[in-house]
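Enquirer: Listed here are the chains, written in short residue letters.
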Amino acid sequence: MSAGREALFLPLAFLTVACVGGLEPGRPEPFAPPPLFALVLAVMLFAALVRSGTLVPERLVHDSRTSLANANGAIALLALFGATTQMFNLLSPRSGLPLVAVNAFLFVLLLNTLVASPDRVRLLRSLMVICGSAFVLKFVILAGLSDPEGGRTKRVLVALFDAATLGTITQDPLPEISGYIAFVTILVYLVAVAALPGAGSAVSATRRLDSRLPQYVPPGGGSHEDIGHA
Amino acid sequence: MSAEPRIPVPSPESRVTSPESRVESPESRVASPESRVLRSRPLREQIIRASGLVIALVYASVIVWAYARQPRTVSQMTGGLSATIGAYHVDPQSYNDGLQFFRRDQFIEARAAFARADPAERDAQTQFYIAYSYYREGWGRLYSSEALFAKGLESVNKAIALAPGGRLVVSDPNLQMHSADELKAELQRGLERDLSDLNPMRLFRTRK
Chain A
1 MSAGREALFL
11 PLAFLTVACV
21 GGLEPGRPEP
31 FAPPPLFALV
41 LAVMLFAALV
51 RSGTLVPERL
61 VHDSRTSLAN
71 ANGAIALLAL
81 FGATTQMFNL
91 LSPRSGLPLV
101 AVNAFLFVLL
111 LNTLVASPDR
121 VRLLRSLMVI
131 CGSAFVLKFV
141 ILAGLSDPEG
151 GRTKRVLVAL
161 FDAATLGTIT
171 QDPLPEISGY
181 IAFVTILVYL
191 VAVAALPGAG
201 SAVSATRRLD
211 SRLPQYVPPG
221 GGSHEDIGHA
Chain B
1 MSAEPRIPVP
11 SPESRVTSPE
21 SRVESPESRV
31 ASPESRVLRS
41 RPLREQIIRA
51 SGLVIALVYA
61 SVIVWAYARQ
71 PRTVSQMTGG
81 LSATIGAYHV
91 DPQSYNDGLQ
101 FFRRDQFIEA
111 RAAFARADPA
121 ERDAQTQFYI
131 AYSYYREGWG
141 RLYSSEALFA
151 KGLESVNKAI
161 ALAPGGRLVV
171 SDPNLQMHSA
181 DELKAELQRG
191 LERDLSDLNP
201 MRLFRTRK
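Top to bottom, those sequences are chains A and B. My numbering numbers the first residue of the first sequence as 1 and each following residue consecutively. My numbering numbers the first residue of the second sequence as 1 and each following residue consecutively.
Bear in mind the hints are in silico, worked out from the structure with no lab data behind them. Just so you know, even glycine gets a beta-carbon here, dropped at the ideal spot from N, CA and C. Check the hints yourself; a few may be wrong.
To be verified - Cross-link-like lysine to any residue pairs, in silico, SDA-like; alpha carbons within 20 Å at most:
#, chain 1, residue 1, chain 2, residue 2
1, B, LYS158, A, PRO28
2, B, LYS151, A, LEU137
3, B, LYS158, A, THR16
4, B, LYS158, A, ARG27
5, B, LYS208, B, ASP91
6, B, LYS208, B, ASP172
7, B, LYS151, A, ARG27
8, B, LYS208, B, ASP197
9, B, LYS151, A, PRO30
10, B, LYS158, B, GLN188
11, B, LYS151, A, PRO28
12, B, LYS158, B, THR84
13, B, LYS158, B, ARG141
14, B, LYS158, A, SER146
15, B, LYS158, A, GLU29
16, B, LYS208, B, GLU182
17, B, LYS151, A, GLU29
18, B, LYS208, B, PRO119
19, B, LYS158, B, LEU142
Stated by the list, open to error - Covered by chain B, according to a simulated footprint, are these stretches of chain A (three or more residues, beta-carbon under 8 Å):
#, stretch
20, 67 to 76
21, 127 to 136
As the list claims (entries may be wrong) - Below, a sample of chain B positions facing chain A; criterion: calculated Cβ distance under 8 Å:
#, residue
22, GLU45
23, GLN46
24, TYR59
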């Protein structure tokens, strides 16, 4: 992995997600810290990333690396954890039944992913589906149900729905910009996770080196004598 | 036995340098472009790594600051950050305008001028005057405006939080309450509802 990717791209991308993930424009306190359950979900996803080979921590922090490289790697790992926590904070509805249901759904889904031990590609696909479906649920469906704007019919239907569900489904209305911010944040997170140093990239690098090896070895194997004669 | 590919290892003989090889040729003193690239690569990598580390740490500090201080606007964010490094100043012209409006009991205009003077809400004295303007505007002989007093309480709390050690005293002879603590207590009293509100003597109290 290049130094630029490890020292600049990964930490900055993850820190941006960690910052914007908790941003709720228009609120008196616009930066929402993550709830405790988001930390639990983040630990589970972190474990799944490591088990699937999407992230190999040894490639970021190891004895064989210089202290500066290790510091870069540690920052990238911490930023990844912070970003993952804030991603779950961003995707979770704020209150009521949807909050409980989505948290339970994510917990079971991540537990299943951990047990199934998917490979890197499958885990990335699964992560994309998790983020995409949670985004649609919160920023399209629930936001639509909680939107105070609209015609009289819509408002009557929403009021009836609210009464039928004892007010447990509707959320505080979200500003329009928050959906766009969330979309870009999810995209940045997925790109950065895909750019993590994984087992797959290490294997491909080894294969590249192996393919170059025969051109340095003389026919018949080569020995000290060969070099001495040469 | 399978012929395993072996990596060529230099023999001990080949490591002994011949006397000829020790003599530096004029060509060898001039570094080739390839060797220069090879030598500069680790240096460039170190620079990228060091700058990446510094940028990430600064960025992380800004994020932690934002979550701790909760700035609502961009001007609050930039003002807060510049106050952290001691580079934030209140606009004196707007501050004086605000004071003049305040003394003429033009409280809405005064607050607009104070907000212009202290856009990041980082100056304790300006926040004190904003709170005082809410108090004077909301004060009534029969009853006080709860909404204005609540905003005043919010501003005075901000002023106390910004003042060094939480102690703020404003030596303005036009004011009857000089400390933020007095103003806060008066605002809190205005927000409370009890039997003393029915006391007819309240009609004779004066605005501070």
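Enquirer: Quick check on GLU45 (chain B) please, does its C-beta sit within 8 Å of some C-beta on chain A?
Expert: holds, 4 Å
Enquirer: For LYS158 (chain B) and GLN188 (chain B), compute the direct alpha-carbon distance and say whether it is at most 20 Å.
Expert: holds, 15 Å
Enquirer: Just to be careful, I want the Cα atoms of LYS151 (chain B) and GLU29 (chain A) compared with a cutoff of 20 Å; is the pair within it?
Expert: Since the Cα atoms of LYS151 (chain B) and GLU29 (chain A) sit roughly 16 Å apart, the hinted pair holds (cutoff 20 Å).
Enquirer: Given TYR59 (chain B) was flagged as interface, is its beta-carbon under 8 Å from a beta-carbon of chain A?
Expert: With a minimum Cβ separation of about 5 Å from chain A (threshold 8 Å), the hint on TYR59 (chain B) holds.
Enquirer: Is the hinted pair LYS158 (chain B) and THR16 (chain A) satisfied, with a Cα-Cα distance of at most 20 Å?
Expert: Violated, at about 29 Å.
Enquirer: If you draw a straight line from the CA of LYS158 (chain B) to the CA of SER146 (chain A), is it 20 Å or shorter?
Expert: violated, 33 Å
Enquirer: With a cut-off of 20 Å on the C-alpha distance, tell me whether LYS151 (chain B) and ARG27 (chain A) pass.
Expert: holds, 16 Å
Enquirer: Verify the proposed pairing of LYS158 (chain B) with PRO28 (chain A), using a straight-line Cα cut of 20 Å.
Expert: holds, 14 Å
Enquirer: Can the restraint linking LYS208 (chain B) and GLU182 (chain B) be considered satisfied, given a maximum Cα separation of 20 Å?
Expert: holds, 10 Å
Enquirer: Verify the proposed pairing of LYS158 (chain B) with LEU142 (chain B), using a straight-line Cα cut of 20 Å.
Expert: violated, 28 Å
Enquirer: Is LYS208 (chain B) close enough to ASP172 (chain B), meaning Cα to Cα at most 20 Å?
Expert: Status holds; Cα separation ~13 Å.
Enquirer: Given the hinted pair LYS158 (chain B) and ARG27 (chain A), is their Cα-Cα distance within 20 Å?
Expert: holds, 18 Å
The structure shown violates the earlier hints numbered 2, 3, 5, 13, 14, 18, 19 and 21.
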